[in-house]
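Chemist: Single-letter residue listing:
There are 4 protein chains.
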Amino acid sequence: MSARGFASDNSATIHPDVLAAIARANVGHAFGYGHDDYTPRVEAMFREHFGEQAKAFFVFNGSAANVLSLRAACRPWQAVICTETAHMNVDECGAPEALGGVKLLQVPAEHGKLTHELVQSRITRIGDEHAVQPRVVSLTQCTELGTIYSLRETRKIADLAHANGMVVHMDGARLGNAAAALDLPLRALSTDVGVDILSFGGTKNGLLGAEAVVILNPELAHGFDFLRKQTLQLASKMRFLAAQFEALLTDDLWLRCARQANAMALRLADHVRRVKRVEITRPVETNVVFVRIDPKATAALQQQFAFYVWDEHAGEVRWMCSWDTTVEDVEAFADAVREAVG
Amino acid sequence: MSARGFASDNSATIHPDVLAAIARANVGHAFGYGHDDYTPRVEAMFREHFGEQAKAFFVFNGSAANVLSLRAACRPWQAVICTETAHMNVDECGAPEALGGVKLLQVPAEHGKLTHELVQSRITRIGDEHAVQPRVVSLTQCTELGTIYSLRETRKIADLAHANGMVVHMDGARLGNAAAALDLPLRALSTDVGVDILSFGGTKNGLLGAEAVVILNPELAHGFDFLRKQTLQLASKMRFLAAQFEALLTDDLWLRCARQANAMALRLADHVRRVKRVEITRPVETNVVFVRIDPKATAALQQQFAFYVWDEHAGEVRWMCSWDTTVEDVEAFADAVREAVG
Amino acid sequence: MSARGFASDNSATIHPDVLAAIARANVGHAFGYGHDDYTPRVEAMFREHFGEQAKAFFVFNGSAANVLSLRAACRPWQAVICTETAHMNVDECGAPEALGGVKLLQVPAEHGKLTHELVQSRITRIGDEHAVQPRVVSLTQCTELGTIYSLRETRKIADLAHANGMVVHMDGARLGNAAAALDLPLRALSTDVGVDILSFGGTKNGLLGAEAVVILNPELAHGFDFLRKQTLQLASKMRFLAAQFEALLTDDLWLRCARQANAMALRLADHVRRVKRVEITRPVETNVVFVRIDPKATAALQQQFAFYVWDEHAGEVRWMCSWDTTVEDVEAFADAVREAVG
Amino acid sequence: MSARGFASDNSATIHPDVLAAIARANVGHAFGYGHDDYTPRVEAMFREHFGEQAKAFFVFNGSAANVLSLRAACRPWQAVICTETAHMNVDECGAPEALGGVKLLQVPAEHGKLTHELVQSRITRIGDEHAVQPRVVSLTQCTELGTIYSLRETRKIADLAHANGMVVHMDGARLGNAAAALDLPLRALSTDVGVDILSFGGTKNGLLGAEAVVILNPELAHGFDFLRKQTLQLASKMRFLAAQFEALLTDDLWLRCARQANAMALRLADHVRRVKRVEITRPVETNVVFVRIDPKATAALQQQFAFYVWDEHAGEVRWMCSWDTTVEDVEAFADAVREAVG
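If you read the sequences in order, they're chains A, B, C and D.
For the first sequence, the working numbering gives the first residue as 1, with consecutive numbering after it.
For the second sequence, the working numbering gives the first residue as 1, with consecutive numbering after it.
For the third sequence, the working numbering gives the first residue as 1, with consecutive numbering after it.
For the fourth sequence, the working numbering gives the first residue as 1, with consecutive numbering after it.
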């Protein structure tokens, strides 16, 4: 693969602004581990985006941001309510359990979204020493299936959590895509609707490789710097992580990248919606299109374009756009889809 | 700080060849997680350097490489013999214990070096269920104090380990500096003297941020890909880690960088050796000079140059050179030292 | 409470033979930790019951036996398939995850029983480094709902597990009740149908407090003595755990106790089956009766008799018999039930 | 072995009062897990002994009491200062690290005793995210070498700990022996000199098998019931653990047992002090005598009497008395010692 495909937004390139920012930061010596000039400057940018109390900690990848968030929130007997399809549940090779010792209380959820009722159903056996105690609700925004929580939905879940002494973690590996889709600032989807701790994604939105844990509820910040180091996420040459985020948060680069990815997915969906024998299986709300399609067509298409089969049994595949997907890419792909399904 | 100081080799810049390699890799899409064209190519370069059986796994930082090595080698009741000054013992915020559940059996060691006798002293209570069982000897090459194990010393420790059913981990965060100092290829210091698993450093030798676990004993490779993912070290845009190592291993960049850092430390040592009231406290064998010096002089020097106090009580400080340290840097610093101690 | 109720078989007394055995062992000194005369003798009794290769390790309670079994079988990236209602999933306060770092892959299951199909459904993503790898199937015999796996059912699951390189753990906290119900020896339900490692219960069947991990597949025995000590399950005065099991395995005490408990539950079921407004909700196969009953009747009954509400929403309660439940106890309770439901 | 030897106080029998208490509790049903009549009654006895704020939690063994104490006190980045010879450091098979994820900061200590200065030496790098942060000082009273902390010594260490935001754990597996030797109540050695959490031993002082974690600082009690269950220490038939402690705390049984053991050790020490070629190596302050003796004499003695070699290289052996050691036992052993050394 070197042409642009539809496999994942982490197959994409580094945005040129980001690479330029790294190059600009590559002058002279800088103390390691964030004791440089860049890091505090970019931490301040996070406060502008997420509120004055927000504390940003840069880390290497999204699984790490998630596991760190859970470690910050949970004592050993406390557990996390999430969907069955949550990244932390199915795509982190058991890191929450193995590194954090945290049990995940999973619920089956339509299109990857928790609801107030689903969360409520797992808040049980409070005070019963035989059972782990729910402490965190973790929701993914946008979800692993590309769907979006409305502000009202998030707020309702957050209120329920807080009323039960729990906190809300948001896996925002693609928060930018959700904010772009809703045409709202980042804090509207997180700080302002009760999120306590956030995994904020960068790698899927044009960075080389950097994510941030953003602590919005200061009670969760105690000892977090130690946790980050212990969880193997303290970069020695931190300035180069900070520089990436500086680029991302400058001139709304994050928004421009996310909008492009979303727009390309919508364009693709518009095309395929009109194609017989291709059934869109999930609401197309951000940068991804899930469809059901004949496995033979899948096989034919994969000769030319990279993408993943999501559910082999159901014949469901995932077509994901990224910041660098172009109109030409989409047109070419849509043509190929039409041809493949005959 | 933005002038070059002597704080650490991770205060240094990215080598331009490395940044260029990243930029070159930034074309088109590539599957994530190493399923790209770069990664297997660079893995092959590691086999050239470390032998046909060597399996390289790229990770984000040195603590991670160490913890992963221990996780690969140890069942829960097994322990690691290391020095009291080992990075894994004092500078990883308890990650080996907290993430790996591994107990470290520490020995006080002169100038950071294990010996056959010291290792032997901790191989005790074999088969006694009340005691953890030694499984790994971990030695740092070059050590945290800049000293080097001779081939014979490493071999003797490895033979002892193997005779006791144990394996040898080498923390090679600065293996390049040791190899440059001994004027030997990397495999001579590792594969050829019985090392089973290696943390191979890149970040301190000119990379943006990348290290590798190199498994030299295939018995330790079982499940390692899962361990890497679970330990939060699987980069999604892996091609950019691979590209860094490709640059490092091309045209002996690693060697040129390490030689420069070593040469600068020797030059600095030559200067200060002739300065009264500055006592070199450790053999200067690689890229670092430890000295005892009047705290007032330290304070004065730190106004101009970045470096760390190593042992406040002893008045010992650490002056570390890096790949980008220049002759002019050293001369200016040596002048300042002379002036500071009066 | 001091009259006999129907709360749990661990509300019951110690069988007099067991207490007598403890008293008999209380003579003179004995080396701790199993290096006494009693322990090897009782280990030999386990070999008689479970086969020559069986290795028994006495521990303090059932959760510990389960967690130890999983720790023995799993490397950190490996996972356990079990039912949603499995004791290890809902009643061990997250110990498998927190102490063992093990993820549980749960399936909803009717009346607490795994099936070949349910297990098959969780054997997925083999070799995919993002996902934990199934390693253990854990089934409870008899189940938490009192139901029994037939030999054929267990064997089919075991064959599936073994065909996939997995092992079978049996939570046999009440294995005696299952064996008594099937009128088969203990090994017929475990060793002979492919179980690899067994939690064998004693506390619920007349002991003061002792369980055993019985390793049937010698490959899982490596390092188990260390694991037991590290998991805080090595009794110093081991002779008194051994003595309890000696009593249990002498003159079929385990069988007599289990038969009595089972018979009392069947008797109770016979009574209530004929009572209107009491609906038996689970097959009554061992020593427990689950019924749906009016919450008011429950409240009235609980004034006199101890028992637990199983599912408040469904109005389902659990009536459990134990080795010391008498015919008179059952008759009195059945009378009270009739009266309570009017 | 079945005659009484000098191997360990856990080789001893159950005191008859304790066995009688178990038998007395063996009447009728009792809810499991401490929801019985015995447990709250005995918890109240602990409050009488340790103060009104004391919360006692019964567990199975001493390693568990220690690990639970550390888990209650430490977040993941926090560490424990203890001696190199501490039971938790050398005799718990790495459980603090493997189950608690806790790093032990060990100090070499004369005769097993921490000092204010030794503790001070490990309170370093506070706030440095690369280093674990000291949170607990753990001292053993009496120590593993039979020595005793004076009230003043404990208080001085506790004051230092508290002044640094740390807490004090006391491993009191043999606290009774220390209290008996000092002729002071239990609380004088613990509550009153600043101990925050205590492992209180019973098994070595006449019980069948029971220990207690006694939380003296209520801040450490949060979630402890969950921790006990998760750490596999919640007994289902709890009444029989409670009954043991009830016996121990009734009519000063603990004190009578401890005094007897201590007196027998002092008697033995008096004998051997007058024997040439037997050198007492540690202050004899409680129920144990350490001596240096010719290995041939050791071998001869071990034909008749059970005891352990403590340090093979030094020819040091341990002779431990227990609650059931008699004057005749000591006389016979002293005679044998005299004969063995010729």
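Hints were generated in silico from the structure; no laboratory data involved.
All values reported here derive from a predicted model rather than from experimental measurement.
Please note that the accuracy of each hint is not assured.
[Said to hold, decoys possible] On the chain C side, residues computed to face chain D include the following (Cβ under 10 Å):
id : residue
1  : N26
2  : G32
3  : A64
4  : L160
5  : A163
6  : N217
7  : L220
8  : A221
9  : Q230
10 : W310
[Unchecked claim] Away from chain D, derived, C-beta distances all over 12 Å, residues of chain C:
id : residue
11 : E43
12 : R47
13 : G62
14 : A98
15 : A188
16 : E211
17 : R239
18 : A300
19 : A334
Virtual Cβ for every residue (Gly too), placed ideally from N, Cα, C.
Chemist: Hint by hint, work out which the structure violates, then give me just those numbers in ascending order.
Modeler: 4, 5, 6, 7, 8, 10, 13, 14, 16 and 17
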